[in-house]
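K.L.:
The residues making up each chain are set out below.
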Amino acid sequence: MKTFAYLSAPDVPSAVRAISTEPGAKFLGGGTNLVDLMREGVEAPDTVIDITRLPLTGVEELPDGGVRIGALVRNSHLAANQLIRSRYPLLSQAILTGASAQLRNMATVGGNLLQRTRCLYFYDSAAACNKREPGSGCDAIGGFNRGNAILGASESCIATHPSDMAVALVALDAVVEVESVRGTRRIPLVDFHRLPGTTPQVETVLEADELITAVELPPLPLAATSRYRKVRDRASYAFALVSVAAALEVEGGVVTGVRIALGGVATKPWRAHEAERVLLGAPATDESFRRAAEAELAPAVGRSQNEFKIELAQRAIVATLRTLLTEGGAA
Amino acid sequence: MVDIRMRVNGVEEKVDLSPQVSLLDALRGELGLTGTKKGCDQGACGACTVLVDGERINSCLALAVQYDDRDITTVEGLAGEGEAHPLQKAFIRNDGLQCGYCTSGQLCSAVGMLAEHEAGAPSAVTEHLCATDVELSEDEIRERMSGNLCRCGAYNGIVASIKEVAAS
Ligand SMILES: Cc1cc2nc3c(=O)[nH]c(=O)nc-3n(C[C@H](O)[C@H](O)[C@H](O)COP(=O)(O)OP(=O)(O)OC[C@H]3O[C@@H](n4cnc5c(N)ncnc54)[C@H](O)[C@@H]3O)c2cc1C
Ligand code: SF4
Ligand code: FES
Ligand code: FES
Numbered sequence: 001m002k003t004f005a006y007l008s009a010p011d012v013p014s015a016v017r018a019i020s021t022e023p024g025a026k027f028l029g030g031g032t033n034l035v036d037l038m039r040e041g042v043e044a045p046d047t048v049i050d051i052t053r054l055p056l057t058g059v060e061e062l063p064d065g066g067v068r069i070g071a072l073v074r075n076s077h078l079a080a081n082q083l084i085r086s087r088y089p090l091l092s093q094a095i096l097t098g099a100s101a102q103l104r105n106m107a108t109v110g111g112n113l114l115q116r117t118r119c120l121y122f123y124d125s126a127a128a129c130n131k132r133e134p135g136s137g138c139d140a141i142g143g144f145n146r147g148n149a150i151l152g153a154s155e156s157c158i159a160t161h162p163s164d165m166a167v168a169l170v171a172l173d174a175v176v177e178v179e180s181v182r183g184t185r186r187i188p189l190v191d192f193h194r195l196p197g198t199t200p201q202v203e204t205v206l207e208a209d210e211l212i213t214a215v216e217l218p219p220l221p222l223a224a225t226s227r228y229r230k231v232r233d234r235a236s237y238a239f240a241l242v243s244v245a246a247a248l249e250v251e252g253g254v255v256t257g258v259r260i261a262l263g264g265v266a267t268k269p270w271r272a273h274e275a276e277r278v279l280l281g282a283p284a285t286d287e288s289f290r291r292a293a294e295a296e297l298a299p300a301v302g303r304s305q306n307e308f309k310i311e312l313a314q315r316a317i318v319a320t321l322r323t324l325l326t327e328g329g330a331a
Numbered sequence: 001m002v003d004i005r006m007r008v009n010g011v012e013e014k015v016d017l018s019p020q021v022s023l024l025d026a027l028r029g030e031l032g033l034t035g036t037k038k039g040c041d042q043g044a045c046g047a048c049t050v051l052v053d054g055e056r057i058n059s060c061l062a063l064a065v066q067y068d069d070r071d072i073t074t075v076e077g078l079a080g081e082g083e084a085h086p087l088q089k090a091f092i093r094n095d096g097l098q099c100g101y102c103t104s105g106q107l108c109s110a111v112g113m114l115a116e117h118e119a120g121a122p123s124a125v126t127e128h129l130c131a132t133d134v135e136l137s138e139d140e141i142r143e144r145m146s147g148n149l150c151r152c153g154a155y156n157g158i159v160a161s162i163k164e165v166a167a168s
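These protein sequence lines are chains A and B, in that order.
Residues 1 to 331 in full-length UniProt numbering are what the first sequence spells out, letter by letter.
Residues 1 to 168 in full-length UniProt numbering are what the second sequence spells out, letter by letter.
Hints were generated in silico from the structure; no laboratory data involved.
Incorrect hints may have been included.
[What the hints assert, rightly or not] Short derived list, chain A residues pointing at chain B, Cβ under 10 Å:
1) S8
2) S100
3) A235
Here a beta-carbon is modelled for each residue, glycine too, at the ideal position from N, C-alpha and C.
Bound-form chain B, shown alone (with noise of 0.2 Å):
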């Protein structure tokens, strides 16, 4: 067993854990912050995308202690204080969700791909590499979103929900 400290959404708590213990076991089991999700527990749907200095990760391939003494964020902590985040909101007035299964990967996701835009990083669809002002067209925004599966196909509501906050 190894301690480590979990610093997540703001609040630190130590937990013991054995090293096998994935970082999404350990947010939901261990901290009971079951807003992330298992869908494929192998990288390939981003259900699992939680946020890592402001970075996005899919967390099911994450070792926990591997992230001791980093800063996490879950759809938990996405909300402000009593008000939704932006794109909450959005998701909602555009239909960015059926299930709701995929939606809080979406939405980490989402959040660290606006930083990652923000901070000049191209896409594979980027047409000029070097340019670091890329317009985040629907073509953009699908290719940065394509490690978020969407089982339920509810991806037309959440590329419109991501433009809008995006253009906002």
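If we strip away everything but chain A, and leave its shape as in the complex, we get (with noise of 0.2 Å):
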């Protein structure tokens, strides 16, 4: 690992502050994704600001019914807190089918939502990767890519975003908040992460500068009748091939709500808008899941070893959709 100066940050003042007459800096959380990615060479910072000491550790109500998440919550103090536990039931289930529960409680809702990508030639020093060494080409087109994505990619990188809580997330309409010395800036999280494009290494819309300060969600009552189904290799402690977070809301036979998102498959946290569109307003019945899953799949691109996931993201929708109609949420 290459040598960095340390320094721990007391407040949000001091941090961004930090962070602005730094270049190289960088913020730790947990340490889970940079530690690991400096041990490897990908990640190398000057400077490491830890944060792990700044007062962003409440999960509270809003006055509104919403709820606001501090950035340095730590994952599974979130995954079981009653009032995500009750409303959110999804966010909960996605963070609990996240890493181990050591990891978890190690790993911060800001980290989480930057944790880098898992794609073999983006640890791989010796491979070329565009979003390591931009314009050194992607070895996993072509490559192992059983991992990889069949949504949202580009030529130029095929890499999956690897969170589940940010994909439980992006079905809530969460909202990002974050600072920087130039002041505060609240952003959506459905455009906070940028697809691949030509760019594949920079991979959100936050500056180097700025530190996620906070997660809201807003009031949302078809949520507490949600899932997180993570479909993987092994039943537990690995990432996921194709997940699906779901909040459904049915009356009189009808789709009344709906909320959808992908895991796995895409360059992001992939909110299924399209699948969303067939559904609102039609009848909450196979024909229908099948119909909406095919539509949010249509634009999907197999690669050599993950075409399966187009048929596999499908089956998974229809099959969480068809629990919460028969069985409810998770709650």
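Starting from the two chains in their separate frames, assemble the complex, guided by the hints.
P.N.:
Spelled out as structure tokens, the structure:
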């Protein structure tokens, strides 16, 4: 690991001031992604600004019925929070299916959103990878790409965004609050991550000197009937091949409210707008679910090893909606 | 170099280390506490599990400087005065180990897991997410312990040991 200077920020103003004057600096949350990537030489900050002592660890109910989650809330604490378990069960479930209990005790909300892809070539400094080294090519296209994306990819990069938590959050219309020396901005999570296009190294709209301070969830009664379903190679402690975050509201046999997002298949946490459009106002039946899933996956592009995800994603969407219809939510 | 206070198993020591050093390497290299093992050094096996303020973490992905002045417990700190921890005794009774390489991580992880369960935390296999009195079935134990791999496959003995201690 390259040597670096370490400093611990006591409060938000000093954290954003420190990063604004240190161009080669990075914030350190739980470290579960950054330390790993520094050890591999993929990340090499000159200065590491530890933000785990910042007072951003609350989960608070907002006057409008929404919830504000501090950026330094650990993943395990968020998943176990009763407000989240009862009102947004898909979020608790998504977090609980991610990583391991030890990692969730370390990982923070902000770090989880900014975790980088698990594409094999991104980690391998001998490989060509446009994300790690812009302009070097992409060894995943035509290589080992079983874990890579079928939606939102470009000829520059087909890496998936690996987070489970972010998939649930994007289904919930979450808003990310960020702060820098220039002030505060609020960014809808659906616009926070960027598609790779020709610049896969630029992953979000966050500026290098901006600190994520909170994530806010709007009040969303239909989220009480929601679930997260994750399909993977082993039952636990594995990244998603396909995952579905969904909430469903049905009245008189007709879909009156629906939220769907997909993980494991796309270059960013993928809100399934097309599937939602097909479903809203449609009869709540397997046929509608299937039509919606097909519409969402219509633009999907399979590669040498991940073509199977197209059908798997469709089936996972149908199965999740069917469970919501017949058994209700996870709470 | 950075000066930090490491408080491990109730004993405080000042150490001077470079910020790249992981908590795992500091425990083993600086303090000579070699009970905690390094399996993968990338968060994927659980052999390096220790408790920080009672919560289990992977010490390989933790920078030691980040844990300055926190209460750390390693496998060496589990036993009481002259007597093994109930989980240690149960592992011996139930063949919860073969080579023993994963065992210190399994033990620390199990201590942390039982505390999480006691506090009402759910898991990915908990049927009703809001329930706070979930029974620690074998499925629950396996899911909650999935962050600890055992290359020897001593899982049945590990699960049996934890079940026994949870029930007592
Ligand atoms: C073996 C293993 C298995 C895993 N499995 C899964 C899985 O199945 N599902 C899943 O979703 N995840 C999984 N993960 C990933 C894990 O969830 C992430 O590593 C974790 O959420 C990152 O959070 P952190 O706080 O540790 O981030 P850090 O490593 O501290 O930081 C990550 C990045 O975010 C930046 N950052 C952190 N906080 C802020 C902030 N507040 N503002 C601005 N920038 C910030 C850092 O500078 C860094 O670039 C796994 C990880 C490992 C090691
Ligand atoms: S898919 Fe993206 S991350 Fe993977 S090798 Fe290609 S450019 Fe790199
Ligand atoms: S050595 Fe830390 S998880 Fe494997
Ligand atoms: S006892 Fe050998 S690895 Fe678990």
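K.L.:
Determine for every hint whether it applies to the structure shown.
P.N.:
Now the hints, each set against the structure:
no.	hint	in the structure
1	S8	8 Å, holds
2	S100	3 Å, holds
3	A235	8 Å, holds
Going down the numbered hints, you'll see the structure goes against none, and every one checks out.
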